[in-house]
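Undergrad: Take a look at the letters that make up each chain.
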Amino acid sequence: MKMVTAVVRPEMFDAVRAALEADGIYGMTVSEVMGRGAQKGIALRFRGKTMPVELIPKVKIDMVVRDADVERIVGIVRANGRTGRPGDGRIFVLPVESICRVRTDQEDPEEG
Amino acid sequence: MIDSGATAFILVCTALVMLMTPGVGLFYGGLVRRKNFISMLALAFIAFALVSIQWVVCGYSLSFGADINGLIGSLEYAFLQGVGMDGDGIPDLLFMAFQMVFAGLTLAIVTSGVAERIKISSFVVFGLLWTTLVYDPLAHWAWGGGWAAQLGALDFAGGTVVHISSGFSALALALVIGKRLGFGGHGMEPNNIPMVLLGGALLWFGWFGFNAGSALAADGLAANAFVVTNIAAASGALAWLCAAWVRGRPGSVGIISGAIAGLVAITPAAGFVTPMAAIPIGAAAGLVCYGALLFRVRQGLDESLDAWAIHGMGGIFGALATGVFAVAAIGGVDGLLYGNPGQLLIQIVDVAVVVAYSFGVTYVIAKVVDLAMGLRVTEEEEYVGLDIAQHGESVRV
Numbered sequence: 049m050k051m052v053t054a055v056v057r058p059e060m061f062d063a064v065r066a067a068l069e070a071d072g073i074y075g076m077t078v079s080e081v082m083g084r085g086a087q088k089g090i091a092l093r094f095r096g097k098t099m100p101v102e103l104i105p106k107v108k109i110d111m112v113v114r115d116a117d118v119e120r121i122v123g124i125v126r127a128n129g130r131t132g133r134p135g136d137g138r139i140f141v142l143p144v145e146s147i148c149r150v151r152t153d154q155e156d157p158e159e160g
Numbered sequence: 012m013i014d015s016g017a018t019a020f021i022l023v024c025t026a027l028v029m030l031m032t033p034g035v036g037l038f039y040g041g042l043v044r045r046k047n048f049i050s051m052l053a054l055a056f057i058a059f060a061l062v063s064i065q066w067v068v069c070g071y072s073l074s075f076g077a078d079i080n081g082l083i084g085s086l087e088y089a090f091l092q093g094v095g096m097d098g099d100g101i102p103d104l105l106f107m108a109f110q111m112v113f114a115g116l117t118l119a120i121v122t123s124g125v126a127e128r129i130k131i132s133s134f135v136v137f138g139l140l141w142t143t144l145v146y147d148p149l150a151h152w153a154w155g156g157g158w159a160a161q162l163g164a165l166d167f168a169g170g171t172v173v174h175i176s177s178g179f180s181a182l183a184l185a186l187v188i189g190k191r192l193g194f195g196g197h198g199m200e201p202n203n204i205p206m207v208l209l210g211g212a213l214l215w216f217g218w219f220g221f222n223a224g225s226a227l228a229a230d231g232l233a234a235n236a237f238v239v240t241n242i243a244a245a246s247g248a249l250a251w252l253c254a255a256w257v258r259g260r261p262g263s264v265g266i267i268s269g270a271i272a273g274l275v276a277i278t279p280a281a282g283f284v285t286p287m288a289a290i291p292i293g294a295a296a297g298l299v300c301y302g303a304l305l306f307r308v309r310q311g312l313d314e315s316l317d318a319w320a321i322h323g324m325g326g327i328f329g330a331l332a333t334g335v336f337a338v339a340a341i342g343g344v345d346g347l348l349y350g351n352p353g354q355l356l357i358q359i360v361d362v363a364v365v366v367a368y369s370f371g372v373t374y375v376i377a378k379v380v381d382l383a384m385g386l387r388v389t390e391e392e393e394y395v396g397l398d399i400a401q402h403g404e405s406v407r408v
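Going down the list, the sequences are from chains A and B. Going left to right, the first sequence walks through residues 49 to 160 as our numbering numbers them. Going left to right, the second sequence walks through residues 12 to 408 as our numbering numbers them.
The shape of chain B in the complex, shown without the other chains:
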């Protein structure tokens, strides 16, 4: 039975989440040097287009088809067979589309690890393999009836599926492709901070659809997810601002990075925690991710735009915080604080497996693509910048 209110709401949420992908493009594009601005935006659009097709061909079915041993979905919905205008509350087609925009966004976040040095042709091949072999199984585990769901792991809107997976995959990809030329020596300051903030704003805005829409209904749970999302974002922004202020100046890139850290951390928890729990979750996420970023810089790792520090580590923190702060009155499950330490244990197992799987499988895929066709542009192309080298375009003529 189709509910028109829920359908209207999820249609809008789907569109909101779609806007997050170009939002990531603008966010990342502003953070790189000007000669690679178009490249970062283009990678986001390529990720979205690529996954949109992969998703309807086989991705949706692998994620949400009938469970095979808790690991992957069957191919019963391949080419959208049996996915129609009917459904439970919302049309099956709409559920498919809502999940599709998540998958596209996730691949766009992974581009952080290869910023300013990836060959488009290799990214297309890598992206198809990655979304099929990493994203789809993870989506199945959490939401498609896989082992994590059977175990009782809580992931409301994608802490493991979207954030831990993209963050640790970006790290693996960065290790395979290697550092940018001149990393650590040359200045690589962001070329356009207002564009970073605009991209961040689109992410924050789209995240309301991401989290509230994950209720899959226009109801109180959606309202709770909406409210905790904003609280955690604000809390994360202020925490990062304060931490950066103590160490020097409260840069605006840090403020929006803190907001995203808060958003990442509340994502798995949005349907399980109270609005007041979102304050410590967001604030702690801001501090954890800021610390992870400093650690990444100290280690000399060129995971260029900090998907690992913010999405990876923020995702881990959020998944664990869900096991701590969950309360039965909101999502039907209690966490550690409400007398159910077992939930935290389940969350730890879920996190550990997702970290290992996404990092390990991505590393192998990246190695294979690198050996087969080379992941990286030539030194000369990297020097000129990918806007000209890959697209024949530039921000300034």
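Just chain A, same shape as in the assembly:
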């Protein structure tokens, strides 16, 4: 199993979620986060002065999924979270060692 963590623009989140849902991917943990990429945020300019906006609001989506689904899910997030401009976000894929369902104590349920 893998953990797919996608950091996307807040305004693109609804489109990403709807596309994942349409593909049968429901399980996710979503957080509002602040972040920045290689541009170090955004620099606003006022009359010659620069005002850096260091951290930009983003939405982080965490999904634990089967290995076989990873590529498809990454593709869905990329296709639906993209505007083509800097700040569209990142997708990280991490290995997951185990899952425990709190309600049943069942280990490693085969689900995302």
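Rather than coming from a laboratory, the hints here were simulated on the basis of the structure. Don't take each hint at face value.
As the list claims (entries may be wrong) - Computed far set for chain B versus chain A, every beta-carbon distance over 10 Å:
(1) Ala-19
(2) Leu-22
(3) Leu-61
(4) Gly-98
(5) Gly-262
(6) Ala-340
(7) Leu-355
(8) Leu-356
(9) Arg-387
What the hints assert, rightly or not - One side only, chain B facing chain A, incomplete, derived with CB under 10 Å:
(10) Gly-193
(11) Gly-196
(12) Gly-198
(13) Lys-378
(14) Thr-389
(15) Tyr-394
(16) Gly-396
(17) Ile-399
To be verified - To give an idea of the chain A side of the interface with chain B (calculated C-beta under 8 Å), a few residues:
(18) Glu-59
(19) Asp-62
(20) Ile-90
(21) Leu-92
These numbers come from a predicted model, not from an experiment. Think of the CB as a built atom: it goes at the ideal place given N, C-alpha and C, for glycine as much as any other residue.
Let chain A serve as the given structure and place chain B on it in line with the hints.
TA: Quick look at chain B alone, frame taken from chain A:
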């Protein structure tokens, strides 16, 4: 001769109406995205501060100075010359202040049309021009002895002056400034609904001062205005709730929007109709404004926070309903239902002129300001949000 009871009452009403302006700020601030919350609140305070000064310099005089051809007041009261502690029932200074809080509130409502994308510097210039060229003449027409008053048009507390004018001006401004980035595609859900309800509550509360205070005395007419105000608000809230329920869920934003629709519609009528007439007026206003909102959304118009649907259309409905439900026993004039169809005709003329004037003049002012200095922030600033871009502040660090 000063009446101490009336003076005490109008002092309190003036303070109540002042609270409506930050109330609009909280209402609008909760409805936008979090990155623009402070901006909406700040615009309300800027509107109030700006108009407070404009009003004492020339606004009050243009509105209530000696009539010039039915169109505008003279400058006899400019810089408050001759406006003192004496007066008829209440001090002239108090009447001036009571009218001032109306003017400030009206400009705050107009910010609906430019939510999340206006440059503050341009808003300041636009606001000064708008309140001088749109609000002041309208106030003169209705209350300062202008043509509408001479014609016999009824507007107890500002259906045309405050609501139709702010609603249609917000629409004109929205058309000039253009839609928000991503409008129609990106989610633009309200960031803080309890804050919307708190702002709405302050509006409802302040509206008692707005309407009852417009009697300008602590008397039976004020009591009637107070009672019909609450009935119409409640009736509007329930009507919108039911309409939204039929289409899905009874959202709380809709309930308070319905209350405001009822309040808007009863505003021109508050001193002319009976408490029982306030039930259909409020309920119909809730439905009319809800329908207008749906229409606005279908048309893809980004009059962002629905000043047009609620204040503009609610104001039109209220002004016409005044001509239908007015009864001589309350305000000395009968409407259509009591055998005076001519009153409805007068109301229609008044409404038509105010709609055309406020929309047209605002459109021109907005175009001029846009050409001269640009109404809108840059795309990058809009993306980051006006709290940071315009104020260097944010709700959450």
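Undergrad: Now, for every hint given, state plainly whether the structure supports it.
TA: Now for the hints, and whether the structure bears them out:
Annotated as non-interface, Ala-19 (chain B) keeps its C-beta farther than 10 Å from every C-beta of chain A; the closest such distance is 48 Å. Every CB of chain A lies more than 10 Å from the CB of Leu-22 (chain B), the least distance being 42 Å, so the non-interface label holds. Distance check for Leu-61 (chain B) against chain A: the nearest CB is about 22 Å away, which clears 10 Å, and the non-interface claim stands. Listed as a non-interface residue, Gly-98 (chain B) keeps its Cβ farther than 10 Å from every Cβ of chain A; the least gap is roughly 47 Å.
Here Gly-262 (chain B) stays apart from chain A, with its beta-carbon at least about 18 Å from theirs, past the 10 Å limit. Every C-beta of chain A lies more than 10 Å from that of Ala-340 (chain B), the closest at about 55 Å, which supports listing it as non-interface. Leu-355 (chain B), annotated as away from the interface, keeps every beta carbon of chain A farther than 10 Å; the closest lies near 46 Å. No Cβ of chain A approaches the Cβ of Leu-356 (chain B) within 10 Å, the least distance being about 49 Å, so the stated non-interface status holds.
Against chain A, the non-interface label of Arg-387 (chain B) holds: every CB pair exceeds 10 Å, the least being about 14 Å. The criterion of a C-beta within 10 Å of any C-beta in chain A is met by Gly-193 (chain B), whose closest approach is roughly 6 Å, and the hint holds. Contact between Gly-196 (chain B) and chain A, as hinted, is supported at the beta carbon level, the nearest pair being about 8 Å apart and thus within 10 Å. The beta carbon of Gly-198 (chain B) comes within 5 Å of a beta carbon in chain A, closer than 10 Å, and the hint placing it at the interface holds.
Nearest Cβ of chain A to the Cβ of Lys-378 (chain B): about 25 Å, over the 10 Å cut. The hint is violated. A distance limit of 10 Å between C-beta atoms decides the matter here; for Thr-389 (chain B) the minimum to chain A is near 8 Å, and the interface restraint holds. Residue-level restraint check for Tyr-394 (chain B) holds (minimum Cβ-Cβ distance to chain A is 8 Å; threshold 10 Å). Hint status for Gly-396 (chain B) relative to chain A: holds, with the closest Cβ pair at about 8 Å, below 10 Å.
The closest approach between the C-beta of Ile-399 (chain B) and any C-beta of chain A is roughly 6 Å, which is under the 10 Å cut-off, so the hint is satisfied. Because the beta carbon of Glu-59 (chain A) sits about 4 Å from the nearest beta carbon in chain B, less than 8 Å, this interface hint is met. The interface hint given for Asp-62 (chain A) holds, since its Cβ lies 5 Å from the closest Cβ of chain B, which is under the 8 Å cut-off. Annotation: interface hint on Ile-90 (chain A) holds; nearest CB of chain B at approximately 6 Å, less than 8 Å.
Residue-level restraint check for Leu-92 (chain A) holds (minimum Cβ-Cβ distance to chain B is 6 Å; threshold 8 Å).
In the structure shown, a violation is registered for the earlier hint numbered 13 alone.
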